[in-house]
Amino acid sequence: MVIKTPLLFSMGLSSVLFLCSCDKPKLLMAERDQVESDIKRLLEEAKALDGKFFSLGIDASTASMKLQMQNRDIAHKNTLLEQELATLSKKCTQGEEMVKSMLPRLESYKARIVR
Amino acid sequence: MFEEPKIWLFTVIFAALIGIGYGSFYLTTVDEANLALQESKSKLASTHESLAYKKKMWTDVETHVVKNRELAEQNSVLLKAKDVLDTRYRKVVSDFNYSVESMKSAVDKTRGSAPGTELGDITLTNGKMLRGAKIRKLDPSGLSLIHADGIGLVSIDLLPAEIKERYDLGPSALLPEMELARATFLEKAVVEVVDDSRSSEISAVKKRISSLEIQMESSTKHKEKLEKEVKDLEDQIKAAEAKRAPTQSLRTMKDVVEGNAGMARNEIKVQKLELEKMKAELEALQRKK
Chain E
0 MVIKTPLLFS MGLSSVLFLC SCDKPKLLMA ERDQVESDIK RLLEEAKALD
50 GKFFSLGIDA STASMKLQMQ NRDIAHKNTL LEQELATLSK KCTQGEEMVK
100 SMLPRLESYK ARIVR
Chain V
0 MFEEPKIWLF TVIFAALIGI GYGSFYLTTV DEANLALQES KSKLASTHES
50 LAYKKKMWTD VETHVVKNRE LAEQNSVLLK AKDVLDTRYR KVVSDFNYSV
100 ESMKSAVDKT RGSAPGTELG DITLTNGKML RGAKIRKLDP SGLSLIHADG
150 IGLVSIDLLP AEIKERYDLG PSALLPEMEL ARATFLEKAV VEVVDDSRSS
200 EISAVKKRIS SLEIQMESST KHKEKLEKEV KDLEDQIKAA EAKRAPTQSL
250 RTMKDVVEGN AGMARNEIKV QKLELEKMKA ELEALQRKK
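Same order as they appear, the protein sequences are chains E and V. Quick note on numbering: numbering that gives the first Met the number 0 labels position 115 of the first sequence as 114, and the sequence is numbered without any gaps. Quick note on numbering: numbering that gives the first Met the number 0 labels position 6 of the second sequence as 5, and the sequence is numbered without any gaps.
Hints in this document: simulated from the structure, not taken from any laboratory. Everything numeric in this text was worked out from a predicted model, so none of it was measured. Possibly wrong hints are sitting among the right ones.
As the list claims (entries may be wrong) - Label-pair distances were calculated between CB atoms; the ranges are:
hint	chain 1	residue 1	chain 2	residue 2	range
1	V	E212	E	I57	19 to 27 Å
2	V	L26	E	F53	42 to 50 Å
3	E	K39	V	Q235	24 to 32 Å
4	E	K99	V	T122	34 to 42 Å
5	V	S93	E	G50	49 to 57 Å
6	V	L179	E	S107	15 to 23 Å
7	V	L26	E	E43	32 to 40 Å
8	V	R243	E	K23	21 to 29 Å
9	V	Y21	E	G50	48 to 56 Å
As the list claims (entries may be wrong) - Listed next, the in silico DSS-like pairs over lysine-lysine satisfying Cα-Cα at most 30 Å (straight line):
hint	chain 1	residue 1	chain 2	residue 2
10	V	K253	E	K46
11	V	K136	E	K109
12	V	K53	E	K65
A virtual CB, placed ideally from N, CA and C, is assigned to each residue, including glycine.
Isolated chain V, as found in the complex:
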């Protein structure tokens, strides 16, 4: 049978084997737990990053929404002011129309009652005197008069100021002056507004195009940087796989960066579409001008 020291030697070897086995099991468990923890930490970091990005986007959106409201309010105030000005403009046009029509009606009435009117003795601007003058007919070129010496057409510039004023004739006539003023007002009002807005519109579109081009340049650089990061991570994953090292965290990071690169690509697409739209708008405005 076994002697006592041999039993103890066997016991020691047995205990040492159990110890080594348990130690190995323990170390494996710790390694696995460590790996799992590392993966979770890496996932946490990427989630954190993704959330920070979303929060930033939301803050941007909130800022833009506030700005949007402010601009919309400003727009509504301006539109109200435009309504007031439109009413004011219509009143001016109506005042012009009233003045011109009223003057026209008064002049027509005076001119209509002119034939047969006795003017008595009148002295023309050239000094010639016409005795017992009576209006026969009123022409745009002058007055056809019957007088003591016969019948004759007296041109407007020869007529005395009083007669010119009564029948609203000559260069100082009020009706043509009023009609001209009305036409000038209506024409200018339209032309000036259109011209001003068009040239300023063209310069505004040009400014927007150049600012968008700058934005596109920076977006493209950002996209390229992200794409390079994706490529680097792919290389790192390949290297880790060759070494049989864990790749989970690298893959998660790659997914996040790839997602961001996708967003950057989308942004560039939207910017490109907007740029094309603006260029078409500019072309149309320039053609109109």
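So that you can see chain E by itself, here it is in the shape it has in the complex:
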């Protein structure tokens, strides 16, 4: 009995340690591989986005800002153009009315005086 207990104890301890050591690092490594593959996927996505920015010929860091400013410029130009058109349209209407009132007088003068 004295002899058998330590023997069994040491064998049991060794087997438990041996069995434990097989599993956990492998699981951790598998999880790490999964994370690494996720990183790879995300990096590919990022690369694809960089490609899109590159295809537009703009720098990713300032693209939004530049486009925003460009839009503001165009909107500003459009506003000015709209105002100019409104003024010009009003002017044309006035001019047309003036011509319309002048023409009959001219025709009448020519008909009566110049023969």
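Let chain E serve as the given structure and place chain V on it in line with the hints.
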């Protein structure tokens, strides 16, 4: 030789040593795997963050591109409308020119044939009657007439309405009125357009400047926040190094934040340049005005 219990004692001690050694190896392996996993997770988080930022930027760019297209379309419609209005404007100018030139030619013809024209007996607006009147000469100040009582210059205001109308003389003359209308139309058309656009341009530039200044203020705050984060992370790295703890994840985070801070600095630079440009534009417009 060894007695049996001693052999077992030796075996147990040996097994325990192997067990401890293996256990220590096992724990180290697990620690290393854990550390590697943590680093990978941290890298994943930073990559995720960086990708989310890029995606947001791309969404912004797409929105701006759509808006840009809409504005460009609006601009093209407005330009077409301007073409139509320009044509309409040119037609009005041409109608004015035709009317004035046609009237001028008719009046010149009538006035040119005036000398020698027999007017017969005419009664002036002051009641005086001129018998057998004949036009000698037509002056801007009046008519030089030959009549039964001699020769005389009759001022325009004394001439009968019929003669004034025929030679287009006096305050109700049509030709000067038409010329004035044409000059007024051409002058006003130019002046009004320029004046309207300039003052509205100045106010538009002022609005853009103030909105850009607000944007710059917020960008500066964002940049300062990021720079502070970088500084905090540097302190954390130093503390971790002192404790000999792993610093990889902190360094990755610091790189990401530093990158974002760099972008924020670039954005501010672009905004500053734009602001300077706008201020110069405003100054030029105000000087012109």
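Hint check results:
no., hint, result
1, V:E212 x E:I57: 19 to 27 Å, "holds (24 Å)"
2, V:L26 x E:F53: 42 to 50 Å, "holds (48 Å)"
3, E:K39 x V:Q235: 24 to 32 Å, "holds (28 Å)"
4, E:K99 x V:T122: 34 to 42 Å, "holds (36 Å)"
5, V:S93 x E:G50: 49 to 57 Å, "holds (56 Å)"
6, V:L179 x E:S107: 15 to 23 Å, "holds (19 Å)"
7, V:L26 x E:E43: 32 to 40 Å, "holds (36 Å)"
8, V:R243 x E:K23: 21 to 29 Å, "holds (24 Å)"
9, V:Y21 x E:G50: 48 to 56 Å, "holds (50 Å)"
10, V:K253 x E:K46, "holds (21 Å)"
11, V:K136 x E:K109, "holds (22 Å)"
12, V:K53 x E:K65, "holds (16 Å)"
Checked against the numbered hints above, the structure violates none of them.
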